[in-house]
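> Here the protein sequences line up with chains Y and B, keeping their order.
Using our numbering, you'd call the opening residue of the first sequence number 1 and step up by one each time.
Using our numbering, you'd call the opening residue of the second sequence number 1 and step up by one each time.
I should point out that these hints are in silico values taken from the structure, not numbers from a laboratory.
Ideal Cβ positions, reconstructed from N, Cα and C, are used throughout, including at glycine.
Just so you know, not all the hints are guaranteed correct.
Unchecked claim - Among chain Y residues calculated to face chain B with C-beta under 8 Å, some are:
| no. | residue |
| --- | --- |
| 1 | Asp-62 |
| 2 | Ala-169 |
| 3 | Gln-171 |
| 4 | Ala-172 |
| 5 | Ala-179 |
| 6 | Ser-181 |
| 7 | Met-183 |
| 8 | Ile-185 |
| 9 | Pro-186 |
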Amino acid sequence: MTREIVIQAIISGLLMGFVYALIAAGLSLIFGLMEIVNFAHGEFLMLSMFSAFWFWALFGVDPLYSLPVTAALLALLGLVVHYGIIRHILRAPMLAQICATFGLAVFLRALAQFLWTPDFRTVIHPLVEGRVEVLGIFLGLPQIVASVGCLMGFTLLYVFITRTETGLALQATAQDRQAASLMGIPTDRMYALGWAIGAACVGVAGGLLSTFYFVFPEVGFQFALIAYVAVALGGFGSILGCLLAGVLIGLVEALGGLLIDPSFKYLIVFGLYLAVVFFRPQGLFGRF
Amino acid sequence: MLKVSDIEVSYGDYQVVWGVSLQVDAGEVVSLLGPNGSGKSTIFNTISGLLKPKAGRVEFEGARIDRQPSHQIVRRGLAHILERRRVFPYLTVRQNLWLGGYHPEARAHRVETLKQVYELFPRLRERESQLAYSLSGGEQQMLALGRGLMSRPKLLMVDEPFLGLSPAVVQEMKDAFKRINAEGVSILFIEQNVQVALSMSHRGYILESGRLVLEGESEALLTSAEVKRVFLGG
Chain Y
1 MTREIVIQAI ISGLLMGFVY ALIAAGLSLI FGLMEIVNFA HGEFLMLSMF SAFWFWALFG
61 VDPLYSLPVT AALLALLGLV VHYGIIRHIL RAPMLAQICA TFGLAVFLRA LAQFLWTPDF
121 RTVIHPLVEG RVEVLGIFLG LPQIVASVGC LMGFTLLYVF ITRTETGLAL QATAQDRQAA
181 SLMGIPTDRM YALGWAIGAA CVGVAGGLLS TFYFVFPEVG FQFALIAYVA VALGGFGSIL
241 GCLLAGVLIG LVEALGGLLI DPSFKYLIVF GLYLAVVFFR PQGLFGRF
Chain B
1 MLKVSDIEVS YGDYQVVWGV SLQVDAGEVV SLLGPNGSGK STIFNTISGL LKPKAGRVEF
61 EGARIDRQPS HQIVRRGLAH ILERRRVFPY LTVRQNLWLG GYHPEARAHR VETLKQVYEL
121 FPRLRERESQ LAYSLSGGEQ QMLALGRGLM SRPKLLMVDE PFLGLSPAVV QEMKDAFKRI
181 NAEGVSILFI EQNVQVALSM SHRGYILESG RLVLEGESEA LLTSAEVKRV FLGG
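Whole structure, please, built from the sequences with the hints as guidance.
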């Protein structure tokens, strides 16, 4: 095994890590805000990939160009889900909340199969394709674009949450809803905003993923699983924790796949997760 | 200024407030007294819109507010400071205060109000960039009060402001109340200690098991035998 291969794995892992981080950030934002786990998060990702795919297949618009539209569509989906479902189960028992978002996941996946069949599809000849060689290391261009795009999305989200008036109001609502409403913060609207932004994060990630990943109704599952691990690893509700955990998972996955066996890579990811849960149950940046 | 008429409040089937009426006039300091579980906080939550009464009405400056959401009520100049401070733990002192002035009417005067709050509690300025959870109990109470003041209230409602504070801090809070009231802000507060409450207020209301049992000038209440019965069970 050469040094190049290891470096190659590390960089690939990092690239994928930023994508995981943005997906996890969307999930974490919603959880942190209202303590509801969106079990349909993977299906949101799947829909955003299909959105990018159909823009390409039907109108010849490259996923990179349709990215703002995909993100906006997902934000709209987030709003519809919030006002249509979540708002009605806010005070319901936790089991009802789990069933609601899990049911939504099953519904969306079945709907995608019904409308678009279970076939695997790909965007052929996207705007950015091929790979580059840097010092003997080969990197896929779409992967680089997706990674940089997700990192930018993540940075934007972080700045929004920590530096803007509305972002602070979101944090306040997450930390103490009653106190926030007594400051004049419309907490219902903050919840809706949280869903819109959380879904838009997935929209960005999915749009970018569609340039190098298969698009099919089940595609969300594995990404969602990794996102749940990232959120737990980083600490529930911590956005910065998602970045660290996402990158960590990306690295472990790539290096583990290389050093042991690719078919065991998830075993190592979940092993790492278990270790953290044992020794630091609140996650790396967790407050709970 | 504030007029509460015959409110009845329940949690599900369990009624905790029975036909309570009370009033606060402009410039007044009024205390709401009563043993644990007598419904004091519930009444506060109903006034500020966190809870809806099932009967009765709440009026503030002549307008009915008991059907309005809390984030609308605060805009009228009614600030409610919750029991146990409830500062935003993972935001800084400054961010907490800044959010206190979130609603449109307060937002225009934020910088100026912040300066006033820092003058009232210089300690908060020293702790400006600390996360709120790392403050001491007394500092958190100052922060909670300061955050409420940031909304530029005409009526300040404070739920148990002295709970768990050291005597020195209690004195500091009392002085702050005096200064706030001297600026023309009315104050309605909850307190379990009869002496403390009545020595600080013009008038008092005494609550027992969700019903008002006594009201009047603080001086008269201090010597009342009925007050002793409620609090000492005599």
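> Can the hint on Asp-62/Y be confirmed by a CB-to-CB distance to chain B that is less than 8 Å?
violated (41 Å)
> Have a go at the Ile-185/Y hint: is there a Cβ in chain B nearer than 8 Å to its own Cβ?
Status holds, d = 5 Å.
> So, as I understand it, the hint says Gln-171/Y touches chain B; can you test that by seeing if any CB pair is closer than 8 Å?
Because about 6 Å separates Gln-171/Y from the closest Cβ in chain B, which is inside the 8 Å limit, the hint holds.
> Please check whether Met-183/Y passes as an interface residue: C-beta within 8 Å of a C-beta belonging to chain B.
holds (5 Å)
> Go through the hint on Ala-169/Y and say holds or violated, using the shortest Cβ distance to chain B against 8 Å.
holds (6 Å)
> Mind checking the CB of Ala-179/Y against every CB in chain B and telling me if the closest is under 8 Å?
holds (4 Å)
> Given Pro-186/Y was flagged as interface, is its beta-carbon under 8 Å from a beta-carbon of chain B?
Because about 5 Å separates Pro-186/Y from the closest Cβ in chain B, which is inside the 8 Å limit, the hint holds.
> Close enough to count: is the Cβ of Ala-172/Y nearer than 8 Å to one in chain B?
Hint on Ala-172/Y: holds, closest Cβ of chain B at ~5 Å, below 8 Å.
> For the restraint on Ser-181/Y, tell me whether the closest CB of chain B is nearer than 8 Å.
Result: holds, 4 Å to nearest chain B Cβ.
The structure shown violates just one earlier hint, number 1.
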